[in-house]
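Novice: Chain by chain, the residues run as shown.
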Amino acid sequence: MDVIYTDNNATTKVANEVIEEMLPYLGEFYGNPSSMYTFGDEVGKKIRQARQKVADLINATPEEIIFTSCGTESDNAAINAAISMYPEKKHLITSAVEHPAIKNLFSYLGDRKGFRVTFVPVDTKGRLDLDTLYNAMSEDTAVISLMWANNETGVIFPIEEVAQKAREKGILFHTDAVQATGKIPIDVQATGVDMLSLSGHKIHAPKGVAALYVKKGIKFPAFLIGGHQESGRRGGTENTVSIIGLGKACELAKENLELMNTQVKELRDYLESRLLSEIPATSVNGDTKNRLPNTLSIGFDAVEGESILMLMDRKGICASSGSACTSGSLDPSHVLMAMEVPFKSAHGTIRFSLSHYNTKEEMDVIVETLIPAIDKLRQMSPFWKDGKMI
Amino acid sequence: MWDYTDKVKEHFMNPKNVGELKDANAVGETGSLNCGDALKLFLKVNENERIIDASFMTFGCASAVASSSALTEIIKGMTLDDAAKVTNDDISDFLGGLPKEKMHCSVMGQAALKKAIADFRGVEILAKPGEMVCECFDVTDLEIIDAVKQNGLSTTEDVTNYLKAGGGCGKCLDRIEEVIETAKATADNE
Chain S
1 MDVIYTDNNA TTKVANEVIE EMLPYLGEFY GNPSSMYTFG DEVGKKIRQA RQKVADLINA
61 TPEEIIFTSC GTESDNAAIN AAISMYPEKK HLITSAVEHP AIKNLFSYLG DRKGFRVTFV
121 PVDTKGRLDL DTLYNAMSED TAVISLMWAN NETGVIFPIE EVAQKAREKG ILFHTDAVQA
181 TGKIPIDVQA TGVDMLSLSG HKIHAPKGVA ALYVKKGIKF PAFLIGGHQE SGRRGGTENT
241 VSIIGLGKAC ELAKENLELM NTQVKELRDY LESRLLSEIP ATSVNGDTKN RLPNTLSIGF
301 DAVEGESILM LMDRKGICAS SGSACTSGSL DPSHVLMAME VPFKSAHGTI RFSLSHYNTK
361 EEMDVIVETL IPAIDKLRQM SPFWKDGKMI
Chain H
1 MWDYTDKVKE HFMNPKNVGE LKDANAVGET GSLNCGDALK LFLKVNENER IIDASFMTFG
61 CASAVASSSA LTEIIKGMTL DDAAKVTNDD ISDFLGGLPK EKMHCSVMGQ AALKKAIADF
121 RGVEILAKPG EMVCECFDVT DLEIIDAVKQ NGLSTTEDVT NYLKAGGGCG KCLDRIEEVI
181 ETAKATADNE
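Chains S and H are the protein sequences, given in the same order.
For what it's worth, this note's numbering labels the leading residue of the first sequence as 1, then goes sequentially.
For what it's worth, this note's numbering labels the leading residue of the second sequence as 1, then goes sequentially.
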């Protein structure tokens, strides 16, 4: 069965160009990039090029890039560095809709390590409450961490504006740009962020490789004590093959940025408008005017997400639901709850996240599959009667 | 992805006895939209208290739909007295088992059945005895103690998987832990 892959905010297909770039370094060129002979430096050279390509994508310099193993490691390293740089400061700020890599880390620091944490709320469109954020900033604030764009809804936060406010107050500013990278332009110099996390597997590189940008001049302490790698900040022999893949993926992401904001956005809009017009009692979550071009979070009243996913799975369609029925805990996601999305549509929310590999034909298959699937589930639902919610 | 049995998948894809039963003379409802799953069970019971037809409407995940479908298949043809003895384990067994995180789906089936039988007999279900522990999902300490003893549960996670208690706001998790200890202590003495 052909797979229709529309879950690119979860992970992406490794681009063929990326695989080709990596293969020689998985086989023939196995040298250690730190070695003092040409055979090792063949790899060292590729790593330097990869670092440059990652830097180019976000308008940084290569010295400002630290390679890590995943977005979560980048996020943890950034926040832990910030609090160790300012041991006297005991206040942290983030938002209520972060990825677990930040959300759970901040909860841990609050519950176990004695920090005061402000989780800035969002409105019903998923937009940040800037008044609360600005009022919370104080001399005691060690770091502010905000996602650039939300993984579930695609809603984009005003990073440049907040980074500037943080700079005026002398507060370190970190952004989790794992979802934003490769989808919208990112310029660390223009926005003035201090630290930024990005991840390879969201931009067609393999899993297990990511990066952390740290602005030059920040006294960033080592977090893996060991060798000289990553300027001594993260010791340990490099994940050479994947780093080379990440470099290629960043180069491609830069080239494809326009495609993402034209072709992919048009596909997303096409899918959205067909679903809204052809399936009744359907609504889009999040600020549609300020959202990633590839993401659609859409709620179908009176039905439940896992059931929808299972019916789509029969046709090979891959997407995510907005509620994790992973135990007796049936709550919709913390993102949808923070936005106060009504239960009637929150439980039936599906996230589609596209890439440039998707086609219009695939969007049509999704719509043609969903129309009877939603209808079937609604026929079964005690909350649906005569074509509407009861 | 859930490790559902073929039987669960079959009863989700092609559920039996779906929809409102027009001439039902007993109805039992459980769950709510906010909870994330809900079941409305319809029974047609004859003068000998035998269930001659049953149907359901369910909002929920695949295992909730499959559990509802299984329940109606199990009870069709039974007398109310026999049906009253059907447990959530019978529903789960009929389906070849459910992932333990999904056991509450079968519990929901049992609860709706109890309510439908009470509805037919005109018995009012009184306020539940015991002390309320989980307000999100309306679960008392006595229910937790029963579930712990019947199913050999040992952690708060187990209790959430079976009864949903503690799966909402989570405020009662500490209290659930105490109740589990009480249940274990009394079980040891029995």
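There's no promise every hint is true.
To be verified - A short, non-exhaustive set of chain S residues, derived as facing chain H with CB atoms under 10 Å:
| # | residue |
| --- | --- |
| 1 | S307 |
| 2 | R314 |
| 3 | H347 |
Stated by the list, open to error - With a straight-line Cα cutoff of 20 Å, these simulated PhoX-like cross-link-like pairs (lysine-lysine) come out:
| # | chain 1 | residue 1 | chain 2 | residue 2 |
| --- | --- | --- | --- | --- |
| 4 | S | K385 | H | K22 |
| 5 | H | K9 | S | K376 |
| 6 | S | K385 | S | K315 |
Since the hints were derived computationally from the structure, they do not count as laboratory data.
Here the structure is a predicted model, which means the values were calculated and not measured.
Positions of the beta carbon are idealized from the N, C-alpha and C atoms, including for glycine.
Novice: Now, for every hint given, state plainly whether the structure supports it.
Specialist: Verification of the supplied hints:
Using the Cβ-Cβ criterion of 10 Å, the hint placing S307(S) at the interface with chain H is satisfied: the shortest such distance is roughly 6 Å. Below 10 Å, beta-carbon pairs count as interface contacts, and R314(S) has one with chain H at about 8 Å; its hint therefore holds. Hint on H347(S) holds. Least Cβ distance to chain H is approximately 5 Å, under the 10 Å limit. The hinted pair formed by K385(S) and K22(H) meets the criterion: a straight-line CA distance of about 14 Å does not exceed 20 Å.
Using a Cα cut-off of 20 Å, the hinted pair K9(H) and K376(S) holds, with the two alpha carbons roughly 15 Å apart. At most 20 Å may separate the alpha-carbon atoms for a hinted pair to count; K385(S) and K315(S) exceed this at roughly 27 Å.
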